[in-house]
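Peer 1: Residue-level listing of the chains:
2 protein chains.
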Amino acid sequence: SFAVAVNAQVIDPMPSWNNVPAKADIIKFVNDVSQIDSVNYVPVAERIAVFDNDGTLWSEQPPYAQLAFALDRVKATAAQHPEWIEQEPFKSVLAGDLKAVMAGGEHAILELIMATHAGMTTVEFAQTVKDWLATAKHPKYNRPYTELVYQPMLELLTYLRYNGFQTYIVSGGGIEFMRPWTERIYGIPPEQVIGSSIKTQFELRDGKPILLRLPEVDFLDDKDGKPVAINKFIGRRPIAAFGNSDGDLQMLQWTTAGDGLRFGLLVHHTDADREAAYDRQSSIGRLDKALDEAGQKGWTVVDMKTDWKQVFPK
Amino acid sequence: SFAVAVNAQVIDPMPSWNNVPAKADIIKFVNDVSQIDSVNYVPVAERIAVFDNDGTLWSEQPPYAQLAFALDRVKATAAQHPEWIEQEPFKSVLAGDLKAVMAGGEHAILELIMATHAGMTTVEFAQTVKDWLATAKHPKYNRPYTELVYQPMLELLTYLRYNGFQTYIVSGGGIEFMRPWTERIYGIPPEQVIGSSIKTQFELRDGKPILLRLPEVDFLDDKDGKPVAINKFIGRRPIAAFGNSDGDLQMLQWTTAGDGLRFGLLVHHTDADREAAYDRQSSIGRLDKALDEAGQKGWTVVDMKTDWKQVFPK
Ligand SMILES: [Ca+2]
Ligand SMILES: [Ca+2]
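First to last, the sequence lines map onto chains A and B.
The numbering of the first sequence is my numbering, which starts it at 1 and goes up by one.
The numbering of the second sequence is my numbering, which starts it at 1001 and goes up by one.
Looking at chain A on its own, in the form it has when it is part of the complex (with noise of 0.2 Å):
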C-alpha cells in the first residue's frame, strides 16, 4: 500500500541489510505487488511465501540442529538400550566418534532419526524437543540453536508480513522437529510449517486417543519433494521462495514459473568469519545447479558477507 511504500522511506524495515542490489530487490517486488494501483499487484490471499529453514532462516553447520538432537537423545536413552554399547551407529554416537557415525552415510543418519525420533506419542516428542532446545547450545557458538537464526532473514518475515504475505516454512528437517518452536522464534505458526515426517498412527490407549510416532518415513520434504508438498499443504504457488541450496532448486523453479511477478532468492553463505563460507563442495547445504540457474532466472542472490550488517541477534 501507499502508506507502507511512504514508511519504508522513513523507517527502514529491514535495518541489518546494507543497502545493496538484494535489499532492494525485495523492498522493490514487495512494493510492487502490494501496492493496489501497480500493474503487478497481487491480492493479500494469494502472497504466499515459502522460506526453507536450515541455511536460510539459521545455521546449519556443523552440525544441523536436528542432528545435534538426534545424538543427544541416543546418549539420553542409551541406558535403556544395553544393545547399543556394540551395535552401530549408535557405538559411535556413544563413543563421541562423529566422523565414524558420518561414515555411515545416510542409512546411519536414518536409523538415528528413527531411534530417537519415533516410538513415542507426537506430544511427547514436542515436548523432547522443547526440553532440548532449552539447554542445549551449539558447539561453536556456545549459544542455544534459536539464537542462531539470521537476524536480517527475522526483518525479512515481518517485512513480507506486515505486507499481508504468509510466510511458510519448506524444509528438508522434520516438521514436527520444528513446529514446537517456529511461532516463537520467527512468528511462524505450526499450520505455516511443512517438512519431511515419519508416519502416525492414531490409537486409543486406555479410552484416550493418541498418535503415535512410527518408525517409517512418511515423506521426504527435499528438492522435487519441495513443490509437491507446497501443492499439498497450500494448494497454490507461491509468489516468492527463499532457499540457500540445490535442495531448494526445484521450489524456486516452481514459485518463478507462476505468471506474474515473482521473487526468488538464494542466501550463499560467504561470511568464514562471522559464519561460514560454503557452497559448491559442500557436503551439508551444496550451493551448486541452483546457483548457476540464479543468474539465468535473475533470481536475488544474498552475498553473506557484504549485505548483511549483522548475522544473528544480538
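To be clear, the hints were calculated from the coordinates, so they are not data collected in a lab.
Don't take each hint at face value.
What the hints assert, rightly or not - Once the Cα atoms are required to be at most 25 Å apart in a straight line, the calculated DSS-like pairs of lysine-lysine come out as:
(1) A:208 x B:1289
(2) A:208 x B:1297
(3) B:1199 x A:223
(4) A:140 x A:99
(5) B:1208 x A:223
(6) A:199 x B:1208
Mind docking chain B with the ligands on chain A? Use the hints.
Peer 2: The following block gives chain B with the ligands in isolation, referenced to the frame of chain A:
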C-alpha cells in the same frame, strides 16, 4: 469479545437455525472460548475448527458429487479410450448402469478415480473440476452441486470466523477436487482444505515445471486418517469438530479429548422431505458408532428436520 456477545443478542448470527438446543450449544461454546474474561478463553491462534465436507457442509447422496464427476469424465473422455467399451467398470458407466458399477465395490470406484483424476497436471485437473461444476446439475434437485450446500452450516462457518476461528475442511473427498471452489462457496481458502490425495510428481516439461498427477493413492483422509491428517497439516489440535458419519468418529474423539473446553457436533440427516434421511443402515455416510458415542461424550447432535429452518440457500 464483549462486543460480539452483545451483537449476538441483537442480530441473530445464524438465522437459518431454529431456536433449538444445538444452536444454543454452539453460541455458548463460541462465547465461552472467545470472551477475554472467560475461564475457558482460548487465544485466537488456537481457535481451530475442523469440518467434514460430504454430508456435513454439502449434500452427499445420491450420489457423491465426486463420483458424479468421475462418471461424467469417463463419458467425456471415452472417445480417447476405445478399450473401455469392453472393460469394467467403464463399460457399465458408459451403459449408464450405475448399479453394476457400484457392484464392483471399492476396487471399481478406485479404478474410476484413477482413470479420471490422474494423468494430467494439477493445473489441468483444477480447471476440469471448475468446468464441470459450472455445468453439472444434481439429478435429484436439478441444481448445481455447489448450490447444495447447507445454509445453516454456511452461517455457522461465518459466525466462527467472525469470532476468530480458522475453519478447516477435513474430508474423505479428494483434496484437489475441493480446492478449486471452497473459497468461493464456503470462504475456505485452499490452504485450509485437507482431504484424500493421489501422488504428484514434479517434472520439467519443455523447461517448464509441472506437477503430474499419478494413478497412485497418497493418503486416505477418513476415519483414523483424519486425526493423522489434522496433525500433519495443522500441527495443533482443533477445539471444535463437525461431522456427520462414523468416518468422523476419530476426528471428534481427537478434538474433544484435548485440554480445556472442546466442542463436537454431528449433523444427523433426518429430513427425507427436504433432503434425505439416513443413519445406521446407510452405505453412504453411515452414522452408527459415532451416534452412540455422541450420547456418552456429550457431543451435540443436529436434527436437520427440526433444527434447520432452511436446508439449501434460496
Ligand atoms: Ca537449506
Ligand atoms: Ca461425511
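Peer 1: Hint by hint, note whether the structure agrees.
Peer 2: Going down the list of hints, with the structure as the test:
1. The hinted pair formed by residue 208 (chain A) and residue 1289 (chain B) meets the criterion: a straight-line CA distance of about 17 Å does not exceed 25 Å.
2. Pair hint residue 208 (chain A) plus residue 1297 (chain B) holds up; C-alpha atoms about 12 Å apart against a cutoff of 25 Å.
3. With a C-alpha separation of about 16 Å, the suggested pairing of residue 1199 (chain B) with residue 223 (chain A) holds against the 25 Å cut-off.
4. Only pairs whose Cα atoms come within 25 Å are accepted, and residue 140 (chain A) paired with residue 99 (chain A) is accepted, the gap being roughly 17 Å.
5. Taking the CA atoms of residue 1208 (chain B) and residue 223 (chain A), the gap is about 16 Å. The hint holds against a cut of 25 Å.
6. Simply put, residue 199 (chain A) and residue 1208 (chain B) have alpha-carbon atoms about 32 Å apart, too far for the 25 Å limit, and the pair is violated.
The structure is inconsistent with hint 6 alone, although it conforms to all the rest.
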